Amino acid sequence: MLLRLVRTHLRPYSGPLLVLLALQLAGTLASLYLPSLNGRIIDEGVAVGDTDFILTAGMWMLGVSLVQVVATITATRIAALTAASLGRDVRSAVFSRVGSFSARELSSFGAPTLISRSTNDVTQVQQVVYMGLAIMVSAPIMMVGGVFMALREDIGLSWLVAVAVPLLGLSVGLVISRMVPHFRAMQKAVDTVNRILREQITGIRVVRAFVREDVERERFGEANRTYTNTALAVGRLMALAFPIVMVVFNASTVAVLWFGAMRVDSGAMKIGALTAFMSYLIQILMSVMMATFMSMMIPRATVSAGRIVEVLDTSSSVRPAEAPVALPAGPVELELRAATFAYPGADSPVLREVSFTARPGTTTAVVGSTGAGKTTLVGLVPRLHDVTGGAVLLGGVDVRDAALEDLWQHIGLVPQRPYLFSGTVASNLRHGDADATDDELWEALRIAQAEDFVREMPGGLDAPIAQGGTNVSGGQRQRLAIARALVRRPAVYLFDDAFSALDVATDARLRAALRPVTREATVVLVAQRVSSIIHADQVVVLEDGAVVGVGSHEELLGSCPTYVEIVESQQAMEEVA
Amino acid sequence: MSELKSAEEKAAEERRGPAGARRGGPPHAQLGMPTEKSQDFVPSAKRVLGLLRPERVVVGGSLVLALSSVVLNAIGPKILGRATDLIFAGVFSRQIPAGVTQEGAVAALRARGQGTVADVLAAMDHVVPGQGIDFGAVGRVLLVVLGIYVVAAGLQLLQGRMLTTAVNRTVFRLRRDVEDKLNRLPLPYFDSQPRGELLSRVTNDIDNVAQSLQQTLSQLVTSLLTVVAMIAMMLYISPLLAVIALVTIPVTMVVTGAIGKRSQGHFVQQWKSTGQVNSVVEETFTGHELVKVFGRQAEADREFAERNDALHHASFRAQFISGIIMPTLMFIGNLNYVAIAVVGGFRVASGSMSLGDVQAFIQYSRQFTQPLTQVASMANLMQSGVASAERVFEVLDAPSRSPTPAPRHASSTLAAGSRSRTSRSPTPRSSRSSSTSTSSSSPARRWPSSGRPGRARRRWSTSSCASTSSTADGSPSTARTSAS
Ligand SMILES: Nc1ncnc2c1ncn2[C@@H]1O[C@H](COP(=O)(O)OP(=O)(O)O)[C@@H](O)[C@H]1O
Ligand SMILES: [Mg+2]
Chain X
1 MLLRLVRTHL
11 RPYSGPLLVL
21 LALQLAGTLA
31 SLYLPSLNGR
41 IIDEGVAVGD
51 TDFILTAGMW
61 MLGVSLVQVV
71 ATITATRIAA
81 LTAASLGRDV
91 RSAVFSRVGS
101 FSARELSSFG
111 APTLISRSTN
121 DVTQVQQVVY
131 MGLAIMVSAP
141 IMMVGGVFMA
151 LREDIGLSWL
161 VAVAVPLLGL
171 SVGLVISRMV
181 PHFRAMQKAV
191 DTVNRILREQ
201 ITGIRVVRAF
211 VREDVERERF
221 GEANRTYTNT
231 ALAVGRLMAL
241 AFPIVMVVFN
251 ASTVAVLWFG
261 AMRVDSGAMK
271 IGALTAFMSY
281 LIQILMSVMM
291 ATFMSMMIPR
301 ATVSAGRIVE
311 VLDTSSSVRP
321 AEAPVALPAG
331 PVELELRAAT
341 FAYPGADSPV
351 LREVSFTARP
361 GTTTAVVGST
371 GAGKTTLVGL
381 VPRLHDVTGG
391 AVLLGGVDVR
401 DAALEDLWQH
411 IGLVPQRPYL
421 FSGTVASNLR
431 HGDADATDDE
441 LWEALRIAQA
451 EDFVREMPGG
461 LDAPIAQGGT
471 NVSGGQRQRL
481 AIARALVRRP
491 AVYLFDDAFS
501 ALDVATDARL
511 RAALRPVTRE
521 ATVVLVAQRV
531 SSIIHADQVV
541 VLEDGAVVGV
551 GSHEELLGSC
561 PTYVEIVESQ
571 QAMEEVA
Chain A
1 MSELKSAEEK
11 AAEERRGPAG
21 ARRGGPPHAQ
31 LGMPTEKSQD
41 FVPSAKRVLG
51 LLRPERVVVG
61 GSLVLALSSV
71 VLNAIGPKIL
81 GRATDLIFAG
91 VFSRQIPAGV
101 TQEGAVAALR
111 ARGQGTVADV
121 LAAMDHVVPG
131 QGIDFGAVGR
141 VLLVVLGIYV
151 VAAGLQLLQG
161 RMLTTAVNRT
171 VFRLRRDVED
181 KLNRLPLPYF
191 DSQPRGELLS
201 RVTNDIDNVA
211 QSLQQTLSQL
221 VTSLLTVVAM
231 IAMMLYISPL
241 LAVIALVTIP
251 VTMVVTGAIG
261 KRSQGHFVQQ
271 WKSTGQVNSV
281 VEETFTGHEL
291 VKVFGRQAEA
301 DREFAERNDA
311 LHHASFRAQF
321 ISGIIMPTLM
331 FIGNLNYVAI
341 AVVGGFRVAS
351 GSMSLGDVQA
361 FIQYSRQFTQ
371 PLTQVASMAN
381 LMQSGVASAE
391 RVFEVLDAPS
401 RSPTPAPRHA
411 SSTLAAGSRS
421 RTSRSPTPRS
431 SRSSSTSTSS
441 SSPARRWPSS
451 GRPGRARRRW
461 STSSCASTSS
471 TADGSPSTAR
481 TSAS
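Same order as they appear, the protein sequences are chains X and A.
Residue 1 is where the first sequence starts when you use our numbering, and the numbers rise one by one after that.
Residue 1 is where the second sequence starts when you use our numbering, and the numbers rise one by one after that.
Source of the hints: derived by calculation from the structure; they are not laboratory data.
There could be a bad hint or two in this list.
Said to hold, decoys possible - Pair by pair, the computed Cβ-Cβ distance ranges are:
(1) X:Ile155 <-> A:Ser350: 30 to 36 Å
(2) A:Gly50 <-> X:Arg455: 30 to 36 Å
(3) A:Pro186 <-> X:Asp435: 33 to 39 Å
(4) A:Pro43 <-> X:Val211: 36 to 42 Å
(5) X:Ala209 <-> A:Gly50: 32 to 38 Å
(6) A:Val243 <-> X:Leu55: 30 to 36 Å
(7) X:Trp60 <-> A:Ala111: 29 to 35 Å
Quantities reported herein were computed from a predicted structural model and do not represent experimental measurements.
Think of the CB as a built atom: it goes at the ideal place given N, C-alpha and C, for glycine as much as any other residue.
My request is simple: use the sequences and hints to build the entire structure.
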């Protein structure tokens, strides 16, 4: 997954990457050349007393160091730029892919995970790509080059490389591979501890009210112990890693000296070559170690890459019409014709053969218990998801045959969870209609019963709105969302439980104010309150995704037991409230 | 995990950097997070150390072990140098015909005009004319060295285990005390501040304290000791070369400081850009259906592209600047290496120093720059750890509801001594509301979280590796970076 994602997105940067490779090669070769020069200082300078040679070789070493630093820094620059570009490209790909999703894909992933996939996960991948290009790439070069140089110094000692490298790789690898599952356990333990604390803080009143302190303390104590034990296990393994590395390094040095001494004694090797060989071995081991430690980042980045690819490989179930049919201008009739909808993977459909017609100038109330499918039904109209059977028609045109922008232009949606975007009151309202004048905005606010509190907000229409609208109350958010739909002056209004956070009086005033503006519009209203339903021209009763009754309030009271039940339970609730 | 976080927590995190980011990772990868300054570093740091009091025996023992292993590791190269000398001497010995004395050979060389070689030979010990390398002696030296290294590693292992035990037990107690305290805080306390703030204190901040304690204790002490030991050994072997090597200290400091200063702005920018991209993503995805139905997609795309580009630029700069530090230090190290090789070569050639000593010296000079940079980078970690600890202490120090139930755990009185100090309770602080939102093009974006305590004191850390989110869960911080 990681490889596939990275390969695809690195393709545009193959030019710079080649340069990077060349630079890393140059830098690595330069750093490999240094010990060999030092060895020659000993053999050809110190041992024979040639001080001129020492000086010349010293200058050479300086020059080589300079080459090395320039090459490495340039390579680092390319690595940083490439990784950042890859991050940008992947982020952008994920963002636009999610942008194309319908509500169906979005809800099957869930917004929070999509958010972290397009931010944190991308950062993970970007980080590992940077590490790979800046550091890991040079490890194999160093390894091959180091082996080559070491062998050039002395073939007779080469078996030491063959022993030390796997020894180090294996021992470090073993420690790391034992650490990885602990890391996972650790993450889980941290999450548990933090979750319990979060629950305790947010639910502090419940804890106090039910005197659950001891239970909570016990629960937390358990999690805290688990966490500590896992952290201890990780800590102990970590404490093992470094001493092991040091022992392998030092033992290798000692071994080189011992076996090298024999070769020197037999005249097969010069003492400078021995020193150089030692440096090479250390360099080789160093790169093995770096590569092994860096490889710890890979499992995690692979998980991230998998999560990203999963998004990129998903395509929207709502396909734009190929040859769009224009929807009629002006008032339109909404018709559901045996509309059926099933969530992917779900056994039974959420909506089953729902049929009804909502005419312009009328209000259709949709009622039903929680989970009956009301929100799903509303979402079919703007194609947040498409029917899996039957059809939804607007002005006689199947919504799937209309252009999406055309369709949306006809609809004013107030969703169950009113959401406002960061900006100002005005910028939010103008999503309904970008060209609306301030007067039109005030008019919409007046109808939505939002005029008073907006006037009191600092700046009025220009009052800031926080992301999600969290800086206004739930009821205010609902009214602003209604105003936003009103600004659009659409042919079809879809109110999904849009008055739930309003008190009964505001609710009544709002509905009264709505009546004149929606005189020609088709209104579909999901509602709980009996008072909202009574005045509807038509009530559709949903139960488990199927229509069990259509008619006026009075008709249904006589004919539909489910409706009677709903009305009674609502009235009971209202009396309590 | 981040998926479960509330907006408030995220905002709190945004100010401090995700705790996960500080968990593990090579030392150079943890920098570059914004860190903030503590209010009262010294007393708070003392109090943090005070948390370790119940573990003082273990901590003290581990310090002794650390000292011993550092000393052993420090004398290793010096003894190894003796082996090189023995080999070198053997090579020379072989060339002198048996029966000729060392002095005789030196005189003969001088007579032939090979004065320099004569000097080298004259300064040598263990010259047994006619004989080759004395393998018995070499073997003994090498065995001693090997023994020293193995013992040093063993001590280090033991030290690491003891320290991690002490730290984790301490953090266990701290967590338990905080949870205990939560149950004894009066309800108004919970209402007096945003929930996310409190949550962040009891989760992220404690995690950060744990992390900083572990890393500073295990690395700061060893690193400092190593630097001292290496300098001592270098001075012992050759004061002249030591002076050359020590010049690198100020040079390293100046260079790291200069790069750090430059990178600071880039990190702040990267942090800000990340936040801005995240907020547009969050907004667009959360309000997905409205984005669609109200035709906001194009606007969202444009906004995203803009911020994504800014992030691209910022993260490139930050990563590049921080990436420069390592090669630069490596270059300084190489300059040092060349200087020592050349000057050392002259000294050996003039007979005033043995080859083995030069070799040992090179090893020392390599080993002392690395812990030096580690000490420097540790400063940031300590700052941020103590700042987190202060926030945790504020929770512990808040007045309990009355009547205070007797503490259930005997040792939950760990922090009780200071509980009476209520002057720094967070309540007055969080009511202070100065709207200094860190970034954001639109003024309202961080409304709910703005005006939190300590904002003005916040600083952004410098130096390497521009990781904005967690790096690999914990590539051991012991990963030494290769030089030359
Ligand atoms: N993303 C989804 N995946 C699977 N099932 C879902 C999804 N969203 C809603 N459902 C299910 O569909 C049914 C109808 O949901 P909904 O339309 O929200 O009901 P209502 O608005 O009437 O309360 C519920 O049983 C719910 O569990
Ligand atoms: Mg619903």
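Each hint tested on the structure:
no., hint, in the structure
1, X:Ile155 <-> A:Ser350: 30 to 36 Å, "34 Å, holds"
2, A:Gly50 <-> X:Arg455: 30 to 36 Å, "56 Å, violated"
3, A:Pro186 <-> X:Asp435: 33 to 39 Å, "54 Å, violated"
4, A:Pro43 <-> X:Val211: 36 to 42 Å, "37 Å, holds"
5, X:Ala209 <-> A:Gly50: 32 to 38 Å, "36 Å, holds"
6, A:Val243 <-> X:Leu55: 30 to 36 Å, "20 Å, violated"
7, X:Trp60 <-> A:Ala111: 29 to 35 Å, "33 Å, holds"
Checked against the numbered hints above, the structure violates hints 2, 3, 6; every other hint is satisfied.
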